[in-house]
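Read in the UniProt record's numbering, the sequence shown has 147 at position 147, and its numbers run on one by one without any break.
Warning: the hint list may mix true and false statements.
Quick list of simulated restraints, FRET-style, between CB atoms [stated by the list, open to error]: (1) W77 to R19: 18 to 28 Å; (2) S107 to V44: 17 to 27 Å; (3) A140 to H29: 14 to 24 Å; (4) V44 to A102: 33 to 43 Å; (5) G105 to A46: 31 to 41 Å; (6) A59 to V122: 14 to 24 Å; (7) V126 to R34: 17 to 27 Å; (8) D24 to G110: 38 to 48 Å.
Hints are computed from structural coordinates only; laboratory data are not their basis. Cβ atoms here follow ideal geometry from the backbone N, Cα and C, with glycine treated the same way.
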Amino acid sequence: MSAPAPVRAAVAGKGASPRPIATDLVRIHKARRRLELWSAGQLVHAIADIQLGDAPRGAKRFEGDERTPEGRYTIDWANPRSRYYLSLHISYPDMRDRAYAAARGRSAGGMIMIHGQPNGLVEGRVAGDWTDGCIALSNAQMDLLWASVSDGTRIEILP
Numbered sequence: 001m002s003a004p005a006p007v008r009a010a011v012a013g014k015g016a017s018p019r020p021i022a023t024d025l026v027r028i029h030k031a032r033r034r035l036e037l038w039s040a041g042q043l044v045h046a047i048a049d050i051q052l053g054d055a056p057r058g059a060k061r062f063e064g065d066e067r068t069p070e071g072r073y074t075i076d077w078a079n080p081r082s083r084y085y086l087s088l089h090i091s092y093p094d095m096r097d098r099a100y101a102a103a104r105g106r107s108a109g110g111m112i113m114i115h116g117q118p119n120g121l122v123e124g125r126v127a128g129d130w131t132d133g134c135i136a137l138s139n140a141q142m143d144l145l146w147a148s149v150s151d152g153t154r155i156e157i158l159p
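Start from the sequences, fold in the hints, and give me the full structure.
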């Protein structure tokens, strides 16, 4: 299901093919609605106005809570045929997330992605926070991210 980075650049041709930015870390600041691309300890690009889950405050704990996770994960696969333009899977839940939910008799959930806007949206973007816990970008922003990361890229999601 995953596409390696060079194939991703070609698939991202849904829009203008942006020049990839060498990235070894994606950092999300939820409260600031900001996604950052880092390389060798240096901030190389920032994207403002990201969109989160319907309940944007606090860490994701359980399936269906509409929250975006907080913690350290990896981008572990890519979906070029997403219902939301393009999507990159975040490795949530990790063992700690699963243990927390299980201790309370619940599921931690899963399928948390960074993705574009819904397919069929004529232009622009959906207003406000609207995902089920995912991180949404404009399709142009998603093209850049898609071309710049590969499977295994680290991601930190901060409050």
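Self-check item: Consistency of beta-carbon spacing, G110 to D24, with hint 38 to 48 Å
Solution: At roughly 25 Å between Cβ atoms, G110 and D24 fall outside 38 to 48 Å, so the hint is violated.
Quiz item: W77 and R19, beta-carbon distance inside 18 to 28 Å?
Solution: Given range 18 to 28 Å: holds, Cβ gap about 23 Å.
Practice problem: For the range 33 to 43 Å, tell me whether the beta carbons of V44 and A102 fit it or not. | Solution: holds, 38 Å
Quiz item: If you check the beta carbons of G105 and A46, does the distance land in 31 to 41 Å?
Solution: holds, 40 Å
Quiz item: Cβ-Cβ distance between V126 and R34: within 17 to 27 Å?
Solution: Cβ of V126 to Cβ of R34: about 18 Å, so the range 17 to 27 Å holds.
Quiz item: For the pair A140 and H29, does the Cβ-Cβ distance stay inside 14 to 24 Å?
Solution: Hint holds: Cβ distance 20 Å, inside 14 to 24 Å.
Quiz item: Per the hint of 17 to 27 Å, is the separation of the Cβ atoms of S107 and V44 within bounds?
Solution: Violated, at about 36 Å.
Quiz prompt | 14 to 24 Å as the expected CB spacing between V122 and A59, which holds or is violated | solution = This hint is violated: roughly 34 Å between Cβ atoms.
Of the hints listed earlier, those the structure fails to meet are numbers 2, 6, 8, in rising order.
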